[in-house]
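K.L.:
Protein chains in written order, with the numbering used here: chain A, 3 to 298; chain B, 71 to 452; chain C, 17 to 284.
Just so you know, these hints were derived from the structure itself, not from any lab. The reader is advised that the hints may include incorrect statements.
[What the hints assert, rightly or not] Straight-line C-alpha distance at most 25 Å; calculated DMTMM-like pairs for lysine to aspartate or glutamate:
hint: 1; chain 1: B; residue 1: K209; chain 2: B; residue 2: D160
hint: 2; chain 1: C; residue 1: K164; chain 2: C; residue 2: E225
hint: 3; chain 1: C; residue 1: K37; chain 2: C; residue 2: D154
hint: 4; chain 1: C; residue 1: K164; chain 2: C; residue 2: E97
hint: 5; chain 1: A; residue 1: K123; chain 2: B; residue 2: D316
hint: 6; chain 1: C; residue 1: K37; chain 2: C; residue 2: D160
hint: 7; chain 1: B; residue 1: K209; chain 2: B; residue 2: D316
hint: 8; chain 1: B; residue 1: K209; chain 2: A; residue 2: D131
hint: 9; chain 1: C; residue 1: K37; chain 2: C; residue 2: E224
hint: 10; chain 1: A; residue 1: K123; chain 2: B; residue 2: D160
hint: 11; chain 1: B; residue 1: K209; chain 2: B; residue 2: D157
hint: 12; chain 1: A; residue 1: K123; chain 2: A; residue 2: D263
hint: 13; chain 1: B; residue 1: K209; chain 2: A; residue 2: D142
hint: 14; chain 1: B; residue 1: K225; chain 2: B; residue 2: D157
hint: 15; chain 1: C; residue 1: K164; chain 2: C; residue 2: E127
hint: 16; chain 1: B; residue 1: K209; chain 2: A; residue 2: D263
hint: 17; chain 1: A; residue 1: K123; chain 2: B; residue 2: D357
hint: 18; chain 1: A; residue 1: K123; chain 2: A; residue 2: D135
[What the hints assert, rightly or not] Partner residues are not named here, just some residues of chain A that face chain B (Cβ under 10 Å, in silico):
hint: 19; residue: V100
hint: 20; residue: F216
hint: 21; residue: P219
hint: 22; residue: L275
Glycine included, C-beta positions come from ideal geometry on N, C-alpha and C.
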Amino acid sequence: MSAVTDLLQQVVEGLGSGAVYASLALALVLIHRFTGIVNFAQGELAMLSTYVAWQLVASGMPYWLALPATLAVSFAGGMLLERIVIRPVQGAPELTVVIVTVGLFIFVNALAGLIWSFTVKDFPQPFPDGGLDVSGVRMDWSTLGIIGVVAVVMGLLYLLFQHTSIGLVMRAVACNPASARLSGIRVGWVLMLGWGLAATVGAVSGVLVAPVLFLEPNMMGGVLIYAFAAATLGGFDSPVGAVVGGLFVGVAETLTGAYVDVIGADLKVGVPLVIILAVLLVRPQGLFGRAAVERA
Amino acid sequence: MSTITASLGTDRVRWLRPTLTVLVAAAVAVGAPFYFAPFQVFQLTMVLVYAVALSGLNLLTGFGGQISLGHGAFFAAGAYTAAVMLDRYDTSHLATLPAAAAGCFLLGLGFGVPALRLRGLYLALVTLSFAVFLPPLLKRLEPVTGGSMGLTVNKMQPPAWSGLAEDQWMYFVVLAVTAVALLLARNLLRSRVGRALLAVRDNESAAEVMGVRLSLHKTLAFAWSAMFAGVAGCLYTWVIGFVSPDSFSFVLSITLLAGLVVGGLGSLYGPLLGAAFVMYVPSVSQDVSEAAPGVVFGLLIITVMFVAPTGLAGLPGRVLGAVARRPPRTTAALDRMPEAESAPDAEPESQALSGPSETHTPADPAVVDAEPVGAPPRTEKE
Amino acid sequence: MSEPTTGSTEAAAGAERDFLKVSDLYAGYGQARVLQGLDFSVARGEVCAILGPNGAGKTTTLRALCGMVRGRGSVTLNGTELLGRSPEQAARLGVAHVPEGRGTFNDLTVEENLRIGAHLRTGPRRRGRTERAAVVADLERIYDYFPKLRQRSRQAAGSLSGGEQQMLAVGRALMLRPSLLLLDEPSLGLAPLVTRELFEIVRAVNEEERTTVVVVEQNAQLALDIAHRAHVLEAGRLVLSGPAGQIREDGQVAEVYLGVSVLSRKAG
């Protein structure tokens, strides 16, 4: 295997994990755009959704039926969460809101442990074994599948926001809730929709990553850090940035793990820290963010 | 009513009560190790250790309004500084304290500079990533840190003259350090740094206009705060005599924040109450299930934020305040209008300068939403 | 909301005269009471100016009408009580508020802004084909009023000049086909020429569509030019009310009475 093939191989694998980071980062960015909140519980909500999927499959439901059911449950759950937990502190100081999402993080994590225990569970892999071999670079169906699913999610979100009237209304609320209200838009409902959407996108990331990481309550903790790095890199207001950032972080992580001996597999988790610090020092608004935005 | 008692009270009455409180508290604190069993004394000692860390976090979060999700990492850094010094260089226990404090102060500066140029949110991200990164780093640095096995070091031994048992001696040493730390925290808040912090927390833009150098003060506050966590970690090593990477996972960081929130953000006693929570809630509820402490903490945090953002320490004040406010509230319908001359100040045209959260406090959430209070800050464009 | 012209204002019924009726209105923020009992009426199809010095409660009055602040007393629009409703409910009743400082959706294009204005008419429940055609027609109507917006229909609202943004905000409000249009300091931060143009358009809209308008202005001269009636507010109370021409005449009285120059720009 030549050095170039080897490099390409690593990049492909990096894109695979990057796609997962991208989808969780997308969920973070969605909520941030709508409410200005960084949801620290996003990863745990995704984990909870994955457990729902696992439970459905374990109780005999076929995978491809369990998946849409899980996404629907996640959507409804996200909406309820906004209404019950977030709405009461909407407009409170940022500190309060962040602490509430941290509380949610702790609670959901422990709740999953309480219901499903902390033992690791096998999660079904929807994609077939094997893969393609493109001039020496091996692409597993599972890797391609993950990238494909995230691309589809991106595309659907794009269609929703740019080509439907509900998407237009959602963008209006994200942009200026007070004026949206004056135009007769029920902002509360739109915020609930936004949280539901984010929870659904997050659920996709959880279901995708579970066969690789194995399902347990702390599964998404690491992914969340990478997703934060992705969102910081792409800009917390930019869905496109989240995806680009996610792919970049995934590739950077894989390459660093493979080629920098000092780092190796165990210290890869330092990569998001370095990326976040570097972005904050060099271009704090992120690649696709707006400069005026982040300072407050 | 309170003004009447205050004006009647002589100077003597005014200082008598706090002095008495301090004396009683000191007597209880000094007497405790002679009354309780060694294990209970050990637990009390750990409460004090956590209280030091929480008072540091309180400086940052309670008074500075910034969030750190990585104070467990500074705690770990302090603990390892002490352990490595004791293990490899065979220094005295006391020598490790200033080293841990200085090390963590510098570490805090290092992370604070990039993170605090921006909104507090980024500090949370940076510190969380740091907290996740530190345990594997400690494992990797095996020649120094002992890797996954950790380091076992000598606990502090009581000198012969004291006639105390090990747990009692440890307790008193930690009590002394904690007392100094709490006093230091209080004095920091009264210093220029503290006043600047409060100004920043209450109204960042106004503080900036007044010439408070935001990023400098926020960064300094973070460094001080990290230093307290480091000192607490150092005490931890003295008391436990063992450190390992898995004792300092990011769960510790989150637990510290949780404890502080429940104990009371921005209160001087909050850290003590919160430390008791950090110590006792897991040990009590762990018997129920491994997950129980998390369920309890998670629910408590959210509940506290909903009903009593000042935490346990603020509860008495809130209750008294509510009772005191009741009479005017029930009758102060719209009939009791203030005189006309007081009104013009409230015209919203002048609100652009003051923070929106202070000026609009209607009870109806729908109305609150209608104001630009909840609006994400990014919508404005020059 | 079709509204055939029913002859002269004099012949109209009492309901027409009291199309918007504000009685004993108190409102404020938290403990601070800003409005100290306002009483006034606006007839259907009328332009009403609310004048007064900074801090008199002009903005608060408008905000109370559209549900952005709570009030006590009574505000009826065509007989329907407005107080106690949220801004989105008020919008559903035909109240369109153009807030101070424009309040456009800066990330959206000009056309998207206007479509949002018609949200209530194209929302999921009223997706009639005729209604949608009507919205397209309205879009054209707005572009006719504001030709500059037509040129920039695909541009992001945030890239417009201040004057264009204000026009967009008014255009968006008109897309609601409001029965009551509330304008808060439309001249704020605009060049005099742009302001004049904007006020001319408001006058045209009022004349052609018979939309009832309440405009809050510091620039009394401008507002009186298009208003039928005017009210002068001072410290949360009405101190002077009457036909616009008369208020202009009484400007000197007001000056003496208020100690401030309400009509300071008259000479201009």
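K.L.:
Against each hint, give a clear statement of whether it holds in the structure.
P.N.:
Quick rundown of the hints versus the structure:
no. : hint             : verdict
1   : B:K209 to B:D160 : holds (22 Å)
2   : C:K164 to C:E225 : holds (21 Å)
3   : C:K37 to C:D154  : violated (29 Å)
4   : C:K164 to C:E97  : violated (37 Å)
5   : A:K123 to B:D316 : holds (22 Å)
6   : C:K37 to C:D160  : violated (32 Å)
7   : B:K209 to B:D316 : holds (9 Å)
8   : B:K209 to A:D131 : violated (35 Å)
9   : C:K37 to C:E224  : holds (23 Å)
10  : A:K123 to B:D160 : violated (46 Å)
11  : B:K209 to B:D157 : holds (16 Å)
12  : A:K123 to A:D263 : violated (31 Å)
13  : B:K209 to A:D142 : violated (32 Å)
14  : B:K225 to B:D157 : holds (11 Å)
15  : C:K164 to C:E127 : holds (12 Å)
16  : B:K209 to A:D263 : holds (16 Å)
17  : A:K123 to B:D357 : holds (24 Å)
18  : A:K123 to A:D135 : violated (31 Å)
19  : V100             : holds (6 Å)
20  : F216             : violated (18 Å)
21  : P219             : holds (8 Å)
22  : L275             : holds (4 Å)
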